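Undergrad: Below, each chain spelled out in residue letters.
Protein chains: 2
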Amino acid sequence: MKNIKQDSESTFHRRDLMKTSTILFGGLLLGGLGKSVYAKTNPSEIFKPLKENPLILNSNENSLGMSKKAHNAIIQRLPKAFRYLRYSSHSPRMELMDKIASMFKLTQDNITLGNGSSETIQAAIQALITEQKNTNVPVQLLIPELTFEFAELYAKPFNITITKIPFDSKMGIDIPKMKENAEAFKGFSIVYICNPNNPTGLITPAKYIDKWIKEAPKDRVFFIFDEAYGEYVDDKRFQSAIKWIPLKQENILVTKTFSKMYALAGLRIGYGVGSPKTIKKIRAFVELDNINALAAVAANASLEDKEFAKRSIQANATSRKILSDTLDELKIKYLPSQANFMFYQIKGNLKTFQKRMEDKHIIVGREFSPLSQWNRISLGVPAEMNAFTNELRNFRKKGWI
Amino acid sequence: MKNIKQDSESTFHRRDLMKTSTILFGGLLLGGLGKSVYAKTNPSEIFKPLKENPLILNSNENSLGMSKKAHNAIIQRLPKAFRYLRYSSHSPRMELMDKIASMFKLTQDNITLGNGSSETIQAAIQALITEQKNTNVPVQLLIPELTFEFAELYAKPFNITITKIPFDSKMGIDIPKMKENAEAFKGFSIVYICNPNNPTGLITPAKYIDKWIKEAPKDRVFFIFDEAYGEYVDDKRFQSAIKWIPLKQENILVTKTFSKMYALAGLRIGYGVGSPKTIKKIRAFVELDNINALAAVAANASLEDKEFAKRSIQANATSRKILSDTLDELKIKYLPSQANFMFYQIKGNLKTFQKRMEDKHIIVGREFSPLSQWNRISLGVPAEMNAFTNELRNFRKKGWI
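Residue numbers (the working numbering), protein chains in the order written: chain Y, 801 to 1201; chain L, 801 to 1201.
Derived by calculation from the structure, the hints in this document are not laboratory data. Owing to the predicted nature of the structure, the values given are computational and were not obtained by experimental measurement. Keep in mind that the hints are not guaranteed to be accurate.
Because identical chains cannot be distinguished in the list, a pair is counted as satisfied if it fits within a single copy or across any two copies.
What the hints assert, rightly or not - Quick list of in silico lysine-lysine cross-link-like pairs, DSS-like style, CA-CA up to 25 Å: (1) Lys868 to Lys880; (2) Lys933 to Lys956; (3) Lys868 to Lys1007; (4) Lys964 to Lys899; (5) Lys1014 to Lys851; (6) Lys880 to Lys869; (7) Lys1121 to Lys1036; (8) Lys1011 to Lys905; (9) Lys1198 to Lys964; (10) Lys880 to Lys1160; (11) Lys933 to Lys1080; (12) Lys1011 to Lys1155; (13) Lys986 to Lys933; (14) Lys1155 to Lys1018; (15) Lys970 to Lys1121; (16) Lys880 to Lys1110; (17) Lys1080 to Lys956.
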């Protein structure tokens, strides 16, 4: 057994050195990207967490790293990075708008770019609240009891009502209960639905969502669908709400990001899709000159790299399988994730569990109150999942889980 | 005479090939940065505008390009760009907060980072308006008649009063008139002062500003000082309003950027300086996970590169001299710029002038209504200013200016 330093990011641990030639051959097959990416995605590799190089599984990042094409596009843009991104027709900003729009058979008027989907969610919340406040209509933000918290954080300074609806019996988002609440509210409801939801990883089936959209009064309910993890879903009951946009549905915004499948979290690039009227409203609250030039060229290059997207989804599916197999083996309860993280039940105190994992140089997810007996773990790449599941088995031997 | 392709950005034209050895020697003296930077800053070089490589002087960018140290820091960070920037103590985000704070002998509580100073201006405008609206106090944005327009654009969707005060007789910001207006306004005034002002390039002397700050009621007037171009000022009557922050002045925010002197416009990184109370209020409106990782490491490296800062200021001063000498020679009226652009009076129609310059592959500044007989030109590097001033002389020969 020997530790092999693969790159500046991570240290992998070979389970079997006899496999070296196969690994190299496999690496060549993967488009010449070399051992580094292959080692990360090879299900028989094991990452070795070290104090100076811990296994970070707490932020739903994609540790596969960005596409080589995105990497090269950034390097190529650097000499021009002293310039603002233009709004003129040939700029990377407009190229990106066009690419995204044509992906969904829409036009630039349907797209607003943002610093991650986070900025788009913020601008939407602010635009909707301000529009209603300007005419003295009461506004509420209507969200599931447990979800990605940015919508709530962005709404807070406006002193509006924030209503949280408990999960259904399977920890899914309770759409009928949310609908009931919106119908009873005397004012305007901004509904935020993260699909798949964070931290549960569960999808909300299209049939429930579609029914609500059809029946909701457009002047009293606005839907924000956060589909940051949509690319990872293989459950056929899920459908992206973007399908509603060509139908000229005015009260819907769908937000997407390059942070997950495309591994560009540190670059901050995402977007919103909606009707031209909605997008115009939101753009008034988006920062001028918002996205950075390197993110724009990286996103453009990523959209051209279909191979990378495939490999990214595949690596995540492999990691998901490694983890769910282990949890089954250890008889640990977990939710059937459709994202790049998994929510599973631990025994005893989460803080103790986190501390014990940290002692092994593994950083697991934070607490999602009130579910303090659950832990969210980012799936990482297969080599990382192998390290994590090995540690879970050790914990079981010690009676800690 | 021979055109020499210096780098992917620009083509320079040697005035005298006999100077080659001197140029190379000079290049070596400039810290090994090579001909490219030297050619840009050498006052005897002339940039050659081409259709495929025009001379872009319309956005107050710093065409010197970023510091080599910033460039290297970006390359080094790329393998980790799949990660979000952390808020923990050793992250580049916190390192940058610390560096900026210590530059002004302040603490992290005094600093809010933003995607360019633009995001900080936006968050401040939104935070201040929302705070007053939550208690039904009327709010106005009080600005000079001609200034950087983002503050106004960010305020517009809130339906507040926007009051514009005419310039004084020398096209300076009329502080006494603004003060009078704020005193008469029954409500809360957000005062936005860009210093030096854009597009005039003129400073507002500290003595006028200080008097107003001392006399203004803190609960009715809030000052935003945009000092994006502050580093270029050598007029002693200017003082950064940051001097007020250690004095615990609650009603002041100063915004700064890495887009100008540090040439990082495409990366989107800036900040605001204020009291802890002010900064806390503004942070609630700043996007979560806002700045990107590459901008953070580039900004950190830039702050360490004192040589670059010096060279950057020097190049701008040289360009300013080249332009003002030419304008003097041609007896063209201009304002004494303290920034990286200059506002000068043209004869006849601006659109015609812009078009004629464009025919020579030179992109000059847009119209700043109602001053349609003035043009704002970004100073660029000396080699670029030589090309522009040569064209001005040609225009004079043709009787166009």
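Undergrad: Against this structure, judge whether each hint is valid.
TA: These are the hints, each one checked on the structure:
{"no.": "1", "hint": "Lys868 to Lys880", "in the structure": "both (20 Å within a copy, 13 Å between copies)"}
{"no.": "2", "hint": "Lys933 to Lys956", "in the structure": "both (14 Å within a copy, 14 Å between copies)"}
{"no.": "3", "hint": "Lys868 to Lys1007", "in the structure": "neither (39 Å within a copy, 55 Å between copies)"}
{"no.": "4", "hint": "Lys964 to Lys899", "in the structure": "neither (36 Å within a copy, 40 Å between copies)"}
{"no.": "5", "hint": "Lys1014 to Lys851", "in the structure": "neither (53 Å within a copy, 53 Å between copies)"}
{"no.": "6", "hint": "Lys880 to Lys869", "in the structure": "both (18 Å within a copy, 16 Å between copies)"}
{"no.": "7", "hint": "Lys1121 to Lys1036", "in the structure": "within (18 Å within a copy, 67 Å between copies)"}
{"no.": "8", "hint": "Lys1011 to Lys905", "in the structure": "within (24 Å within a copy, 58 Å between copies)"}
{"no.": "9", "hint": "Lys1198 to Lys964", "in the structure": "neither (39 Å within a copy, 72 Å between copies)"}
{"no.": "10", "hint": "Lys880 to Lys1160", "in the structure": "between (43 Å within a copy, 22 Å between copies)"}
{"no.": "11", "hint": "Lys933 to Lys1080", "in the structure": "both (18 Å within a copy, 23 Å between copies)"}
{"no.": "12", "hint": "Lys1011 to Lys1155", "in the structure": "neither (45 Å within a copy, 56 Å between copies)"}
{"no.": "13", "hint": "Lys986 to Lys933", "in the structure": "both (14 Å within a copy, 21 Å between copies)"}
{"no.": "14", "hint": "Lys1155 to Lys1018", "in the structure": "neither (48 Å within a copy, 47 Å between copies)"}
{"no.": "15", "hint": "Lys970 to Lys1121", "in the structure": "within (21 Å within a copy, 72 Å between copies)"}
{"no.": "16", "hint": "Lys880 to Lys1110", "in the structure": "between (31 Å within a copy, 21 Å between copies)"}
{"no.": "17", "hint": "Lys1080 to Lys956", "in the structure": "both (23 Å within a copy, 14 Å between copies)"}
Figure legend: structure checked against the earlier numbered hints; hints not met, in rising order: 3, 4, 5, 9, 12 and 14.
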